[in-house]
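The hints should help you fit chain B onto chain A, whose structure is shown.
Line by line, the protein sequences give chains A and B.
In terms of my numbering, the first sequence has 231 at position 231, counting the first letter as 1, and numbering is strictly consecutive.
In terms of my numbering, the second sequence has 1067 at position 67, counting the first letter as 1, and numbering is strictly consecutive.
Keep in mind the hints are simulated off the structure, nothing from the lab.
Keep in mind that this is a model prediction, so the values were computed, not measured.
Built from N, CA and C at the ideal position, the CB exists for glycine as well.
Heads up, some of the hints might be wrong.
Claimed, not checked - Simulated DEER-style distance windows between Cβ atoms:
no.	chain 1	residue 1	chain 2	residue 2	range
1	B	V1009	A	N329	33 to 41 Å
2	B	L1253	A	N329	50 to 58 Å
3	A	N72	B	V1073	48 to 56 Å
4	A	N72	B	V1009	36 to 44 Å
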Amino acid sequence: MKTRLIALVAGLFVLGMVLAACAPVATPTPEEIAEAEPESVEITLWTKEGEADGGLQFVQSLVDAYTEIHPNVTFELVNKDVETLREDFLTAGLAGAMPDLLWTVNDHAGPFTDAGLIMSVDDLFDLDMYVESALAAAQLDGKTWGVPISNGNHLMLLYNKGLIESAPATTDELIAAGQELTTSDQYGLVYNQTEPFWLVPWLGGFGGKVFADDGKTPTLNTDAMIETLQFLYDIKYTSPIVPAESDYDGADALFKEGKAAMIINGDWSLGGYREVLGDDLGVARIPEVVGGEWPHPYTSGVYFMIPDGIEGAKLEAIVDFIHFVTSANNQALMVAKLNRLPALEAALDDPLITNDPLLKGSADQMVVGAPMPTVTEMRCNWDGMKPEMQAVLADTKTPEDAAAAMQTAAETCIANLE
Amino acid sequence: MEFLTWEVVLNALGEVGSTVLYIFAGTVLLELFVYFLWTPLRALSRRVDGWLDPLGDRLRHLVATVLMAVVVVFAVRAIAVGQTPSPWAPYWPLTVVVFGLGLFISPNALNIFQSELRLAYMLLAPAVVGLLLLVVFPLLWELNVSLTNLNPRHFQSPDYIGLTNYLEVFTKPVLKQVTFFPVLLRTILWTAVNLLFHVTGGMILALLLNRKMRFKGLYRALLVFPWAIPQPIAVLAWRGEFHFEYGFVNIMLQRLGLPAIQWMTDPTWNFIAMSITNIWLGIPFMMVILLGGLQSIAGDYYEAAELDGASAWQQFWGVTVPLLRPVLTPAVILGTVWTFTNFNVPFFINQNELETSDTLVTALFRSAFQYFNLGDAAAFAFVIFGLLLVFSVLYIRVTGGLKGAYE
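Isolated chain A, as found in the complex (with noise of 0.2 Å):
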């Protein structure tokens, strides 16, 4: 009987896997219908602009205007948030799925590298004609691996000029004029406290990095990040200037409602606040550290990632429609809408750019900046950093010890990859 049975299941299950792997045969994927009918391509195109300050909306306008000229592309948007896009595209790569473009940032470069889901862009563009900046920040191995859209990406101060007529120069003058503008509603300063993007111009300012010369081996338990960590928690507990507990979202609404006379946030929140504030909204660097130097803010840019594999009129189309955005015109309409500073080299010299006071203030901050790392051990500092930066900022760590455990932490992440 028990026999029979498992005699039975047995060959159900085997004639069930045949079944299955018959079954996609049957489907005709995507790319088999653009090649029947080359005239058509349609591309799905994965970008981490959101709607809030109004970079989806930005995106679909220039997807329109393509489509306008070449109506045998049609495109399908999608929007993901940036982690989300991550872990969804190395999903979508696990699985055969994958889509046709990406809008993103440059640290993805290294896992999709890694995984080996996107191609290199060397052969298909000239790249000259790009910044030199943005186009170290998505260069690994000798190859380039993105296509520079807009350059910058770094966080700067800025500042509600309602509340404070100028931006203080250096941390001290940030922390007297934030003590005084710290009221039972009110903060001086407002920022990210949960990730480590906001501690890394700090650590700069101190004299610290996160990787020592090789680019890939973790300096994190130095003098520079107890400094940074102790100057974190000083600001918070001391001689408190910004609130207890905030998250993005939280610095933002504080700061867009008035309640915060300072916020360090990105080049990517120029729009948003200029609408709310107005004239009110000024922009400087981050103040220099005292007996140190100017905070670095990590620079990058966001780009475009092929995946690969995409070829034939597939990859002519999309090869064509990144020259379009960043075309000199689509370039200067991108620093007008979303206030960000443009990769093409041309467009810099805009007079949009160099009139503007804001945006001249973000290329001000962006000179001392430097470059993001790319490399996949760059996650491992991350995750490596942020439980420590938020268990100082919670009062249940010493920065001594946070420090130390960060290192600990990045490193055994850094042996896991392999």
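Below, chain B alone, put in the same frame as chain A:
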């Protein structure tokens, strides 16, 4: 934005529809095969039995078992490499041939076709196929992945590394710094705390509701409300209420003159926030189950107890609790498994990804779908599966919960 165009909707419907059609056609084929080939196969099996008789049952069993083992190995390998072209691909037809040989050599296998239960087998076949495809197949694939180093560095062509992943589940940090056993202990603590409050809270509410009063139905409906909201929505709403600046909880605390709490960054408070949310979510279930149990206890017992001079407290422990046990035990077991494996609450309330708030299940999810250490995660999943399996088997042994199903 207008992303959900008719075209997209129709495409999606078409995909789902064609999948359903495939399954339907497969089932029909299978039924036709069994129905029409029954008689010839039966005759054939008798003849083959006659030929192979001299070999002896024991030898035939042995050979058949070996061949079936080969089939399983082939099948697993074939599934494993199915996603990428590989030299294993031609093994598909061979697998089928080996399987057929095994079937014919086995002394009893072909008796399926002679059995009087064939109608039963036929009717079961579609369900068996479904289970194989949806449960057994993924499980075998997962087993296979757990033996590889599939991670972002070895994405397209993972290597087999034996049982290393299983060892590393216990020796290496699960995600960043915390190792397996602290996470396990935390998960057990989480389960125990939640269950304690679920049962106590549920019991108190059930006792309050189990008497004559006005608007009883209304109260019951209101109390069951948390259970009726989709969990992720309820949890996200709670997360909003734990917001430092704008959340209800902190605003109330400050109105009462207490300091605001850092619910999202302080590890202890985050764990408490998780627990509060889950207790709120879990009490209605216990209340409904216990109320049902209470209503089935006859009033005579209490009358008798009262005559004997028992206090209300004594009645509760002497009458209510023992008589509730048949209802309470399965409810507690279900609650344990649900809380242990609860994903929504620990995942969504832990907005800052504090490692100190991760339970086994959320750690597993992060390991697989945020870090993409898929090999590690597969081994990890089997370890969790093993834990719950041991728990279930022990429970069934101790309570005899499945007795009814066997007899």
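Query raised in the report: Range hint 33 to 41 Å: satisfied by the CB atoms of B:V1009 and A:N329?
Result: Cβ of B:V1009 to Cβ of A:N329: about 35 Å, so the range 33 to 41 Å holds.
Query raised in the report: Given a hinted range of 36 to 44 Å, is it respected by the beta-carbon distance of A:N72 and B:V1009?
Result: Since the Cβ atoms of A:N72 and B:V1009 sit about 23 Å apart, the hinted range of 36 to 44 Å is violated.
**Report entry** Outcome of range test on Cβ distance (B:L1253, A:N329; 50 to 58 Å)
**Finding:** The hint (50 to 58 Å, Cβ to Cβ) holds, given that B:L1253 and A:N329 are roughly 55 Å apart.
Requested in this report: Note whether the CB distance of A:N72 and B:V1073 lies within 48 to 56 Å or breaks it.
Outcome: holds (50 Å)
Violated hint for the displayed structure: number 4, the only one.
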